[in-house]
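The task is simple: from the sequences and hints, build the whole structure.
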Amino acid sequence: MSVNVFVWIEQRDGQPVSASWEALGVARTLAGEGRVTALIFGAGVDPIVPLAFSYGADAVIRADDPSLAHYRCEPYVALLAQQVQTHQPDVVLAGATVAGRELLASAAADLNAPLLHDVTELTLENGKLRAVRPVLGGKVLSVEAVTGDGPQFVTLRARAFPLPEAQPGRSGEVIAVPPALPPDAIATQIECVESSGGTVSLTDASIIVSGGRGVGGPEGFAPIRELAEVLGAAVGASRAAVDAGWIPYEHQVGQTGKVVSPDLYIAAGISGAIQHQAGMRTAKVIVAINKDPEAPIFKLARYGIVGDLFEILPALTEAFRQRLK
Amino acid sequence: MHVVVLTKMTPDTEATVTVNASGQVHWGDKLVINPWDEYAITEAVLIKGAHNVQVTVMTVGPEAQSEALKHGLAIGCDQAVRLWDSALEKHDSLAYATVVAAAIRKLGDVDLVLFGKEMADLATDQHIFQTARKLGWNMLGFVAKIEALDFAARTVRVRRLTDRGAEVVASRLPAVISVLKDINEPKYPTFIGIRKAAKAEVPVWGLADLGLSAAEVAPRAQVLGYRELPKREGSAEIIEGATAQEKAEKLVARLLEEKIL
Amino acid sequence: MDFSLTEEQLMAQEMVRELAHDKIYPTLKEWDRKHQPHPDVLPLLAENGVLGINIPVRYGGQGFDYITLALVCEELERVDASLRVVMSVHAGLNSLALLQWGTEDQKQRFLVPQARGEKIAGYALTEAEAGSDPANLRSTARREGDIYILNGEKMWISLATLADHFIVFAKTDPHAQPRHKGITAFIITRDMKGVSTYDEKHKLGVRAGSTGGIVMQDVEVPVENRLGEEGEGFYIAMSCLDNGRYTVAAGATGCIRACLEDSVKYAKERYTFGVPIAHHQLIKQKIAYMQQWYDAAKLLVLRAGWLKNQGMRNTRETAVAKWFATEMSVKAALEAVQIHGAYGFSDEYDVERYLRNAKGAVIYEGSSEIQQLLQADYALGYRQDRPLRCEPVPYDPEYWQSEA
Chain A
175 MSVNVFVWIE QRDGQPVSAS WEALGVARTL AGEGRVTALI FGAGVDPIVP LAFSYGADAV
235 IRADDPSLAH YRCEPYVALL AQQVQTHQPD VVLAGATVAG RELLASAAAD LNAPLLHDVT
295 ELTLENGKLR AVRPVLGGKV LSVEAVTGDG PQFVTLRARA FPLPEAQPGR SGEVIAVPPA
355 LPPDAIATQI ECVESSGGTV SLTDASIIVS GGRGVGGPEG FAPIRELAEV LGAAVGASRA
415 AVDAGWIPYE HQVGQTGKVV SPDLYIAAGI SGAIQHQAGM RTAKVIVAIN KDPEAPIFKL
475 ARYGIVGDLF EILPALTEAF RQRLK
Chain B
32 MHVVVLTKMT PDTEATVTVN ASGQVHWGDK LVINPWDEYA ITEAVLIKGA HNVQVTVMTV
92 GPEAQSEALK HGLAIGCDQA VRLWDSALEK HDSLAYATVV AAAIRKLGDV DLVLFGKEMA
152 DLATDQHIFQ TARKLGWNML GFVAKIEALD FAARTVRVRR LTDRGAEVVA SRLPAVISVL
212 KDINEPKYPT FIGIRKAAKA EVPVWGLADL GLSAAEVAPR AQVLGYRELP KREGSAEIIE
272 GATAQEKAEK LVARLLEEKI L
Chain C
161 MDFSLTEEQL MAQEMVRELA HDKIYPTLKE WDRKHQPHPD VLPLLAENGV LGINIPVRYG
221 GQGFDYITLA LVCEELERVD ASLRVVMSVH AGLNSLALLQ WGTEDQKQRF LVPQARGEKI
281 AGYALTEAEA GSDPANLRST ARREGDIYIL NGEKMWISLA TLADHFIVFA KTDPHAQPRH
341 KGITAFIITR DMKGVSTYDE KHKLGVRAGS TGGIVMQDVE VPVENRLGEE GEGFYIAMSC
401 LDNGRYTVAA GATGCIRACL EDSVKYAKER YTFGVPIAHH QLIKQKIAYM QQWYDAAKLL
461 VLRAGWLKNQ GMRNTRETAV AKWFATEMSV KAALEAVQIH GAYGFSDEYD VERYLRNAKG
521 AVIYEGSSEI QQLLQADYAL GYRQDRPLRC EPVPYDPEYW QSEA
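Chains as they are written, first to last, in our numbering: chain A, 175 to 499; chain B, 32 to 292; chain C, 161 to 564.
Hints are supplied without guarantee of correctness; some may be wrong.
Unchecked claim - So, partial list: chain A residues that the calculated Cβ filter (under 8 Å) puts toward chain B:
#, residue
1, 247
2, 248
3, 271
4, 279
5, 283
6, 288
7, 314
8, 365
9, 368
10, 424
11, 445
12, 449
13, 461
14, 472
15, 485
16, 489
Think of the hints as simulated: they come from the structure by calculation, not from any bench.
Fair warning: this is a prediction, and the values are worked out from it, not measured in the lab.
Built from N, CA and C at the ideal position, the CB exists for glycine as well.
Rendered as structure tokens:
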């Protein structure tokens with residue numbers, strides 16, 4: 175069985191996103207003897223091409239144009255749909271990031287093609303894809319399958335699939351293509367971007383330190399940030415902390431915030447309401463720090479410390495600093 | 032000028048969800064407005080307050096979905112439409128988008144469509160992007176603020192939260208916008224709105240009303256069933272110690288031992 | 161017999177439930193601990209039209225029925241009694257009395273702004289030596305031409321320092337026999353010269369609510385502010401209680417439900433002997449009783465509400481609802497504290513607050529003892545309702561919902 179797979183390689187400000195390499199890894203497994211093609215759109219994206227080969231691409235379709243510098247729905251969807259239409263791959267993959275979700279769903283709509291969205295497991299049966307994804311606040315898994323015809327579009331939840339081992343030196347065909355839309359046909363213009371300033375994004379983070387109601391106020395996030403800094407971790411928060419105005423919404427983890435799957439999730443002063451669990455229960459290891467030994471978070475955690483987070487967190491920061499030196 | 036906002040009922044986020052042996056899912060009887068839609072409906076009503084527009088609240092689903100529409104009316108939407116047909120029983124996101132796009136065309140004078148960021152039950156947002164494509168309109172997703180909206184000049188400027196950071200984007204109407212939860216403070220129904228909603232007869236548009244055939248909404252992907260999550264092992268290993276330092280050092284040692292770091 | 165609630169009633173109930181839960185509950189405990197009225201309650205109830213829920217639209221209200229008033233009170237007390245107390249005095253004891261007894265001029269001047277939530281209303285009957293025996297009240301009203309001069313002091317008055325309007329009762333004829341025939345009702349406003357108010361602190365319960373006293377010193381009240389006829393005050397006071405007690409009874413069902421819901425949640429979470437305590441039969445028994453009390457209390461309240469909607473006298477039916485619902489709310493709160501164990505004894509959980517609040521309601525607006533005498537006297541034939549000059553106003557949706 176061999177299938178041809180397209181993988182959209184997402185770049186942000188020229189930096190490829192690791193979810194794209196995870197998708198290449200999945201593509202390699204699905205393709206068998208088939209061909210894996212990486213699609214790289216942007217401006218000045220040549221440095222990404224060898225990386226795509228090293229992570230498993232057999233070929234690269236590269237569109238390099240100022241109109242594609244940053245992800246925008248209209249030019250990216252038009253180009254992806256055009257390339258899929260031309261080459262008729264069996265499967266089109268991307269990471270289920272903010273851009274990836276929009277891009278693949280939109281291109282699938284243009285082509286009336288089947289779509290599986292934000293999946294955490296993916297298998298191929300008789301040429302049709304079957305996937306598993308957490309639903310209902312992450313409380314159950316739904317098993318979904320492609321039943322229609324056409325290229326099968328799939329977005330893969332970030333960090334749900336392993337990052338493939340890079341094989342430097344691999345190489346292949348590079349096809350250069352022009353944009354599908356002329357610049358003046360694009361209504362949407364990005365006027366400015368406030369980058370998150372080098373802090374680790376929640377969805378990409380392998381470690382997250384989160385604070386909840388127990389931090390007591392905006393200043394209570396200071397020990398959380400200090401620990402995050404030592405660990406190279408992202409800072410998360412429960413809805414209670416966000417609603418109280420202690421930390422911006424971008425940091426919210428949970429049903430009405432971000433859904434994350436880090437290797438390590440440290441929850442400090444978070445009781446573990448079901449809505450919060452929806453955002454973090456797929457973390458590989460959860461550490462709970464709470465002064466209430468009855469807090470539901472301890473039922474979810476691998477390790478727990480019962481105590482005052484304002485004593486425990488600085489002690490942890492210090493201990494990590496010593497051990498990780 | 033006309034704004035359409037989409038909504039639906041979803042299981043209560045507090046509900047206990049179970050899966051039976053045949054892979055069917057149960058979450059008790061209680062349904063609530065999809066939490067994200069509270070923001071979308073409120074935004075639509077705020078736009079109505081600032082511009083001379085009509086607001087229609089719309090859903091795709093059986094009779095049980097009417098409650099979401101009534102809620103929309105009670106908050107201040109002008110009218111409601113429910114889209115449903117037995118052929119939609121197992122619809123996928125593409126069929127949803129096809130039906131909604133057809134209904135919006137049928138309304139005729141729509142300039143803006145609002146969605147909550149996602150459906151909280153199935154955690155899906157693809158139907159939003161696909162609706163925009165089926166309409167051929169500009170898609171502005173993950174919007175934290177509508178900074179400017181000019182129906183006469185047909186322009187819109189929004190602040191979006193993406194993985195890159197916050198982006199300010201200018202675009203043109205007609206457009207589809209999906210909103211995040213910090214876009215506004217959700218409105219509550221008013222008693223007058225409640226009385227109006229309770230009296231309202233909500234029209235149901237089927238495929239025939241929308242000029243669609245069953246083939247055009249045949250699903251291309253389907254849910255086969257549900258599975259329980261793999262069980263997490265028991266309760267936490269509580270790290271004991273006389274002082275915070277001792278507890279912290281023990282925990283770090285455990286994390287390193289287990290190669291978690 | 162139709163036990164179903166209308167879509168309109170259910171949506172109104174849901175709206176008030178969410179408002180109280182989202183906007184007040186998160187900060188309620190801190191105000192209860194401080195013994196201070198929660199500052200957001202009155203603006204919230206005013207802005208959302210709750211204060212005028214069952215006043216006709218033409219008088220600035222929302223035009224809903226008496227059953228909806230009960231559902232609203234239940235939801236408010238589900239969060240805290242202090243919220244429901246506002247409805248008891250503003251709507252039950254005052255606004256509905258203006259609707260029943262007020263002249264058109266009084267309705268325009270007082271009821272309209274109250275129903276719109278622009279003015280807050282209170283009710284001042286009780287005095288230091290006139291509680292269960294209101295005919296013993298000592299405040300006086302002396303007529304001089306077109307005004308009355310009021311003197312006296314009222315105690316245990318909800319919203320004493322917050323309300324703008326009060327219905328007060330004073331003796332125009334201190335020597336009348338029987339004593340109650342000398343009582344007359346007046347509408348006074350906070351801005352009248354000679355009116356001063358103060359707060360009572362350190363109550364056992366309803367600590368996030370406002371209770372205090374009103375002192376009237378040579379307050380000049382124009383004759384247009386007299387509610388009803390001279391000597392009619394006692395009948396007005398009692399008819400006010402028919403509505404006030406109704407809101408107290410409805411609120412108590414909310415308190416019982418709070419006890420039940422919190423206990424159910426805790427009993428499933430808390431483990432002893434290796435199982436959730438909900439598996440223990442003695443816990444189940446307590447839960448079962450709370451359910452029974454809630455159902456029975458609610459049915460009594462709904463019956464009273466139905467009578468009110470019909471415009472029928474309901475003194476006995478309302479009184480039995482108030483007596484039963486408040487007594488059961490005390491029992492439910494005691495059981496809820498018991499189920500929560502040591503946690504229930506601390507204010508970490510809400511149930512100790514329910515208990516402190518519940519105790520008040522078996523005292524105010526007719527103590528349980530008074531309610532028992534009243535039921536007995538009706539049964540024994542010692543008491544019967546006589547026609548009133550102004551009968552209770554029935555709920556007519558067309559009249560209540562139309563603008564004019």
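Open item on the list: Tell me if the interface restraint on residue 247 of chain A is satisfied: Cβ within less than 8 Å of some Cβ in chain B.
Closed with: With a closest approach of 5 Å, the residue 247 of chain A hint holds.
Task: residue 485 of chain A as chain B interface residue, shortest Cβ-Cβ below 8 Å - done: Residue 485 of chain A check passes; min Cβ-Cβ to chain B is 4 Å, inside 8 Å.
Task: When the least beta-carbon distance from residue 248 of chain A to chain B is tested against 8 Å, hint result - done: holds (7 Å)
Open item on the list: Under 8 Å is the threshold here; is the Cβ of residue 449 of chain A close enough to any Cβ of chain B for the hint to stand?
Closed with: Holds: closest Cβ of chain B sits about 5 Å from residue 449 of chain A, inside 8 Å.
Task: Restraint satisfaction for residue 472 of chain A [CB to CB of chain B, less than 8 Å] - done: holds (5 Å)
TODO: For the hint on residue 445 of chain A, just tell me whether its beta-carbon gets within less than 8 Å of chain B.
DONE: violated (14 Å)
TODO: Verify the interface restraint on residue 271 of chain A: the C-beta must sit less than 8 Å from at least one C-beta of chain B.
DONE: Holds, about 5 Å.
TODO: Report holds or violated for the interface hint on residue 288 of chain A, using the least CB-CB distance to chain B and a cut-off of 8 Å.
DONE: At 4 Å from the nearest chain B Cβ, residue 288 of chain A passes the 8 Å test, so the hint holds.
Task: Evaluation of the interface hint that places residue 314 of chain A against chain B, nearest CB under 8 Å - done: Since the shortest Cβ distance to chain B is 5 Å, the answer is holds.
Open item on the list: Does residue 365 of chain A hold up as a contact with chain B if the rule is Cβ-Cβ below 8 Å?
Closed with: holds (5 Å)
Open item on the list: Quick check on residue 368 of chain A please, does its C-beta sit within 8 Å of some C-beta on chain B?
Closed with: holds (5 Å)
Task: Hint status (Cβ of residue 461 of chain A to nearest Cβ of chain B, threshold 8 Å) - done: holds (7 Å)
Figure legend: structure checked against the earlier numbered hints; the only hint not met is number 11.
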